[in-house]
Amino acid sequence: MELDRNSAIPISHQLHGLILSQVARGELRPGDRLPTESEFCERLGVSRTTVRKALGTLAAQGLLVRHPGRGTFISASASPTDPIAPQDLSVIVSDERWCWPLQRAAAVWNAEHAEQPLRLRFRIVELTNLRSRLALAVAEGMAPDISLVDSAWVAEFAERGYLQPLGAIDPDLKEAVAADLFPPLRRQNSFRGDLWALQAEADCSVMWYRKDWFGSEGLTPPATWAEWIERAQHFRRTSVRKRYGLGEHPLAFAAGVTAGETATYQLLPLLWAAGADVISDGQVVLNSPSACQAVEFVTDLVRKHRAASTDVTSAAWNAPPLAIAAGSVAMALGGTYESTMIRAAAGWDKATFQAKLGFVPIPAGVGGAQTTLIGGMSYAIYRQCRRPQLAFQLIARALQPEALRDFCLRTGQNPPTFSATRALADAAEPFLHATAPLLEAARPRWPLPEYARVSYQVRQMFQSAVTGELIAAQAVARAAAVISGITGAPERAGSLAAWATTERVPPVARSRGPARRSR
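Numbering-wise (our numbering), the sequence shown opens with residue 237 and increments by one.
Keep in mind that the hints were calculated from the coordinates and are not lab data. All of these numbers come straight from a predicted model, not from anything done at the bench. Treat each hint with caution, since some may be false.
[To be verified] Derived CB-CB ranges, DEER-like:
1) Arg306 / Ala347: 23 to 31 Å
2) Gln352 / Thr272: 27 to 35 Å
3) Arg357 / Arg477: 25 to 33 Å
No residue lacks a Cβ here, since even glycine has one placed at the ideal position from N, Cα and C.
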């Protein structure tokens, strides 16, 4: 027998499972005598309490018979098959690291319910393919019992009938876990008054900056767009670039459809920072002067100030964090979830990361405020799930403070609950402590069934302006018109002129100064 002391599964449950497996394989037969408790302790290096717990559970299940003075024997009724058929739950996740919290939760369940063991069957689907693969699985009647979903997909999956509302499964448990979630995450996972998923972790959009370089230059991180431009111009100086080995452009971000949802994650807060939005109170409110200001600002960062490369429109989703890890830029838009990626790419330990890299919310536009977007992955239960109550109990255990704390310490991501955030108070994790205050004030994306298509239009809006296909006002007006058509929500009265009637400016004119401006 071999025990895994690094596993989240309790040792007593491992011993329980090993004996079951030996019976199932015929290695232990009815009437066979087991080692004594002392022998188990000596061979396995475990406590007598651990052994007694495992053997006591097996005896209660009828697999073992204890004869005082003689020993413990395999019951005559035991057969070389698993004595208790486990309850299977199928799970689809986007990465192996997501298996761990559910495996740990299953171990806790099995320790508490030895008479009803639970077995998880995982399938891993890359995040880029996850949404389409889940939709196909539902259509084919092969949906998992549980899956991870981007919290921005919850409203879509709920409206399509893929998911079960948690209140219908267990209203008391739903109320308990919902009360522990940060309010923006409750909103993100709700649709039409019901809670449909539970946040597995939380992350926020931020501006990364090289704290060590800023300090050496006597600079503070930007809090406004004007300061952002000033900092970029400073790091574009030839002497400064040579001092730190910087590339031509000191800023990295993604501003095109190639980067997928990452580009929306980075750029949507810029609309909010200008006082703009896309949808509010059932209306499309995008076509506004403040939205034009945000799109024009992003365009100017590339075209006028040359703070960022024109390649932002074709940048991959991971290009900005890799650029700041490589030291080729001084600032990058991104998310707190990228901390482990940056550390790994740069070869930094936690202390070095903390010393070299800082973050701030997205700087404020004219008349706006600093802001950040909150998001992350969520656990959802499907309508085709055969054991929804068991699935819900499993997820609830994965969201317990101790389990979330350990998972977040492993991954560098923030817990989505008040209780787990408090559990981190004594942990030596300064990055999570520093990012925690962002969670309550951050804004979620709109819980729209059409979110994926709306998000694409937001990316397309910025891309068309940065490439020079349209000026800012045209790009904003076109996106607003298309989003209205996608969602069926009317455009707010008083919107700017429709994009199709606006005189277009050829791309070549984008570099010729004031004539290119939209206002």
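### Message
Could you work out which of the previously given hints the structure breaks and list their numbers from low to high?
### Response
Number 3 only.
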